[in-house]
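Sequence order for the protein chains is A and B. Residue numbering for the first sequence follows the working numbering, starting at 1 and increasing by one per position. Residue numbering for the second sequence follows the working numbering, starting at 1001 and increasing by one per position.
Hints in this document: simulated from the structure, not taken from any laboratory. Don't be surprised by glycine CBs; every beta carbon is placed ideally from N, CA and C. Incorrect hints may appear among the rest.
[Said to hold, decoys possible] Among the chain B residues that face chain A by a calculated CB cut under 8 Å, a handful are: (1) 1026; (2) 1048; (3) 1049; (4) 1263; (5) 1289; (6) 1296.
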Amino acid sequence: MMRLIEPLNTQPVNSEEKSPSALAILGRELVKDKLAMASIIILILLLSTVYITSLVLNQDQIVKIDLLEINAPPSEDHLLGTDQGGRDIFGQLIIGTRNSFSIGFLITLITGIIGLTVGLIAGYFGGIADNIIMRIIDFVLVLPFLMIVIVCATIVPKFNLWTFIFVMSAFLWTGKARLIRSKTLAERELDYVSASKTLGTPNWKIILREVLPNLSSIIIVNLTLNLAGNIGIESGLSFLGFGLPESTPSLGTLISYAQDADTIQNKWWVWVPASVLILVLMLCINFVGQALKRATDARQRKG
Amino acid sequence: MLKFLLRRILIMIPQLFILSVLIFTLAKAMPGDALSGQLENAHADPKVIAEQRQKLGLDDPIQVQYIRWINHAIHGDLGMSYTHKIPVTDLIGERLWNTLLLAAATLIVSYAIAIPFGVASGRWTNSWLDKWVTCYTYFTYATPLFIFAILMMFLFSFELNLFPSGGSVDPQAVPGTLNYFISKFTHLVLPTLSGALLATSTTIQFLRNEVIDTKIQDFVATARSKGVPESKVYSRHILRNSFLPIAAFLGYDITGLIGGSVFVESIYSYPGLGQLFLDSIQQRDFTVVSALVMISGFAALLGTLLSDIILSAVDPRIRID
C-alpha cells in the first residue's frame, strides 16, 4: 500500500534544530558542576586504585589470622596496622571497598531492571495489573525491611554473597517501580503516545523506544542516588554482623570493631579509615546524583 | 471522606493477613519451636518430647497451627522467650517504653531543627544561610546512620567526655529522684541527636522546595499587596500549606525509626526493642524475634494508615476513588 504522507517527510530534519537529548543535557550539566566533576574524578581514582590493587592482593593472605600481630599500629609491614585478628587493615580496606561497591552496584542494577520493567508495565497498561502491582509495592514498602533481612541472614543456611544480593533485591525494587510507574502514568497521557497508537505502533515499541527514552534522565538520577544508598545498607548490615559472611572483608565489619571501648579510643587505624572511605564514596556518589537531579529540572540548570 | 476511611481500613485487612502469614512462615523456618523454649534440658526423653509436641499441637496441619498462632497473638499471647523463660509480652513491655521515648525524642528534635532551617533557607534562597543549610543536608543525606552514631560517640563521649556512651540510665540512680531524671536525659542525648540530625535532611529539603514554590503564587502576592507584614505572610499564608504534609509524614517516619533504632540502640547499648531484636537473633530466641517483627510491621502499617488519613484530609486529590 502506498503511503500518502510520504512526500511530506522527504525533507530531512535539520540536526541543528533538534533539541539535545536528555542524556546530552545530563552530561553537559555534569561538566559544568565543579563539585560533581571533582566527585567523579575522586571516584574514578579511588575505584581504579581499589580494583587494580585488589587484583594483586591475595585475599586468603589478608583474612588469615596472625596471632603475633594483633592490633599492631601502622608500620612498614602493615601500612594501616592490623585488627584484633592480626589481619592487615589496608588489604581489608581495598577488598572491602571492592566488595561493598560491587555489591551495591549489582543490587542497583538488578533492582533497576526489575523496577523498570514492573513500573513501565503497571504505568503504561494500568487497569487491574497496575492495581495488583501497586498493592504489592505498598505492602513491601511498609515491611520492616532491615529486620526481615537480618532474620533471613540468620535462618537461611549457607548465607552467601548471592543470597544476600537476592534478599536485598527482593525488597529494594519497590521504590523504583513506584517512581517509574508514576512517571509512565503521566507520560502515557501525552499526545505523542496517542499519535503512535493511532499509527498502529505496537505497545512494546512505544514503551521501549518512546516512553523509556523520555524517562532516562529520571532513571539515571534515581539509580545514582540508590547506588550510594545500597552501599550504605550493605555496609550497615555488615556492621551489625548480618551482611557478608565473616570470611569476606567488608568496610562495615571494620567499623564494627569500634563498638569496643578500647578500639574506638586507642586504635583509630582499625575503624577510622573504613569510616572515611565509606563517607567519601557515599558523598561523591551523592554529589554526582544531586548534580544530575538538578540537571533534570530545567529551572535549576546552569545553562 | 467516610468512604475513603472505610476503603483505606479495608485495604489494611489483607495487608495484615499477608504480614502475619509472612511472619508465620519465617517463624516456621526458624530453628526451634514453642517446645524448645519450655524444655529444661536438651536431652529429654524422645517419648516425652513426642508427647509434648502432640499436646502443644506442633504436629497439627500447618493451617491449624497458623490459626491457633494468630488467635493467640490477637489475644496478646506471643509465646515464651527461649532464653529468658518469661512471656515475650513481658520482655517486650520492659523495653517498649525506652524505644518509644527514644523515638519520640528523635522525632521532636529532628522537626525542631528541620522546620526553622527549612523555612529560612526557602525564604532567603541563595543567602549564606541557605548555602550552609543545603551543604548540611547534602552531608547528612549521604552519611550512613551507623557511622554517624559511632563518630558522635567517639567525639562527645570518649574525647570530650560530655555524655555517657551506653545504657539508658545510671544503674545506681534511684527511680523518682532528680538524679534519675538527669541521668535518663544525659543517656538520651547522643542516641537522639545521632538519629535526629540525620533525619532532618529530607524534611529540610521538602520544606525548602515547598516554600520556594509557594512564595511566587498569586495568593501570596495578594497578601503582600494587602499590606500583610512579611512575617505574617510566611506564618499565616505560606507555611499553612506546607505544615500539614509535614505532620502527615510522621506516620511514614515510623518505618524509618524502627530501622534506625536497631543501629542506634546497638551502638549505644540502649535497652530498647532494637537491641532486644539483635540480642534475640544472636541467642537464637526466635519467639522474641518473630514477635518483634510482627509488632514492627504492625506499627508501620498503622503509621501509613495515619499518614494516609491526614494527607487525604488535607488534600482531597489523594483520596482513592
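So, going through the hints one by one against the coordinates:
1. The criterion of a C-beta within 8 Å of any C-beta in chain A is met by residue 1026(B), whose closest approach is roughly 6 Å, and the hint holds.
2. Below 8 Å, beta-carbon pairs count as interface contacts, and residue 1048(B) has none with chain A, the closest being about 27 Å; its hint is therefore violated.
3. Below 8 Å, beta-carbon pairs count as interface contacts, and residue 1049(B) has none with chain A, the closest being about 22 Å; its hint is therefore violated.
4. With its C-beta approaching chain A no nearer than about 7 Å, residue 1263(B) sits inside the 8 Å limit, and its interface hint holds.
5. Because the closest C-beta pair between residue 1289(B) and chain A is about 6 Å apart, less than 8 Å, the hint holds.
6. Against a cut-off of 8 Å between C-beta atoms, the interface hint on residue 1296(B) holds, since the closest Cβ of chain A lies about 4 Å away.
Figure legend: structure checked against the earlier numbered hints; hints not met, in rising order: 2, 3.
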